[in-house]
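Going by this note's numbering, 31 is the number at position 31 of the sequence shown; the sequence numbering is gapless.
Don't read these hints as lab results, they were simulated from the structure. Any given hint could be a false lead.
[Claimed, not checked] Label pairs and their computed distance ranges (CB to CB): (1) Glu152 / Asp18: 35 to 43 Å; (2) Lys5 / Asn143: 36 to 44 Å; (3) Gln149 / Asp33: 30 to 38 Å.
[Stated by the list, open to error] Calculated lysine-lysine pairs in the DSSO-like style (CA-CA distance at most 30 Å, straight line): (4) Lys5 / Lys26; (5) Lys150 / Lys115; (6) Lys140 / Lys6; (7) Lys5 / Lys32; (8) Lys56 / Lys73; (9) Lys32 / Lys6; (10) Lys126 / Lys6; (11) Lys115 / Lys56; (12) Lys26 / Lys56; (13) Lys126 / Lys140.
Think of the CB as a built atom: it goes at the ideal place given N, C-alpha and C, for glycine as much as any other residue.
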Amino acid sequence: IEAYKKNIMIASINGNFDVTDFFYEKIYEVVKDTDNLAEQASICNGWGYNCCTAEKYEEANRYYNQALEIFSKMQNLIAVSETLYNMAVNAFMAEDYEVSDSYLAVCLRIVSSIKSNSVPVCNITKIFGLRAYCNYELGKIYNTKLYVQKMEQYLGNVITWEEEGVDRKSVV
């Protein structure tokens, strides 16, 4: 499994999406009949990401849905929120802003319910930024302004630190 993962990383870094798909197929064959549901779902998430990067959005969505189903059965809300974020980015890249915004909305509800400010792949500010852009593209100017304000609210401390000349890295 680790050898497949290394090959996936090397192929994807070099933009060899077909080779990456080949290794995802091989690694999935190894884990699909095991009891390791987290590994199965993580592979589906990665495979979906590779498809999204290769602009195969419908195929990416199929893999994300597999991951979402598994993580939901496991009741792993953090992994569910990460998968929903990935699905939102996939829809965003496909310029389906309505769907992207709906995935982001659910992702935010989950993040809020677990009292967090982030999902494993991004912070809440990025989610608000994506929602602002989706709503802008949908012509929903009020919502756009609302999400920009929320983004600014969460970034308030960082912006204040920069204005005062405080190095954020020294604080974190």
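Here is what the structure says about each hint:
1. For the hinted restraint 35 to 43 Å between Glu152 and Asp18, the CB-CB distance of approximately 42 Å keeps it satisfied.
2. A C-beta distance of roughly 40 Å is found between Lys5 and Asn143, which places it inside the suggested range of 36 to 44 Å.
3. In this structure the supplied range 30 to 38 Å is violated for Gln149 paired with Asp33, their Cβ-Cβ distance being about 49 Å.
4. A C-alpha spacing of about 10 Å is found between Lys5 and Lys26, which places the hinted pair at or below 30 Å, so the restraint holds.
5. Among the hinted pairs, Lys150 with Lys115 is consistent with the structure: their alpha-carbon atoms are about 16 Å apart, no more than 30 Å.
6. With a CA separation close to 43 Å, the supplied pair Lys140 and Lys6 exceeds the 30 Å bound.
7. Between the alpha carbons of Lys5 and Lys32 the distance comes to roughly 15 Å, so the proposed pair stays at or under 30 Å and holds.
8. Using a Cα cut-off of 30 Å, the hinted pair Lys56 and Lys73 holds, with the two alpha carbons roughly 26 Å apart.
9. Only pairs whose Cα atoms come within 30 Å are accepted, and Lys32 paired with Lys6 is accepted, the gap being roughly 19 Å.
10. This hinted pair checks out: Lys126 and Lys6 have alpha carbons roughly 29 Å apart, not beyond 30 Å.
11. Restraint check for Lys115 and Lys56: the C-alpha separation of about 34 Å exceeds 30 Å, so the hint is violated.
12. A C-alpha spacing of about 19 Å is found between Lys26 and Lys56, which places the hinted pair at or below 30 Å, so the restraint holds.
13. A hinted pair counts as satisfied when its Cα atoms are at most 30 Å apart, and Lys126 with Lys140 qualifies at roughly 19 Å.
Of the numbered hints given earlier, the model fails hints 3, 6, 11; all others are met.
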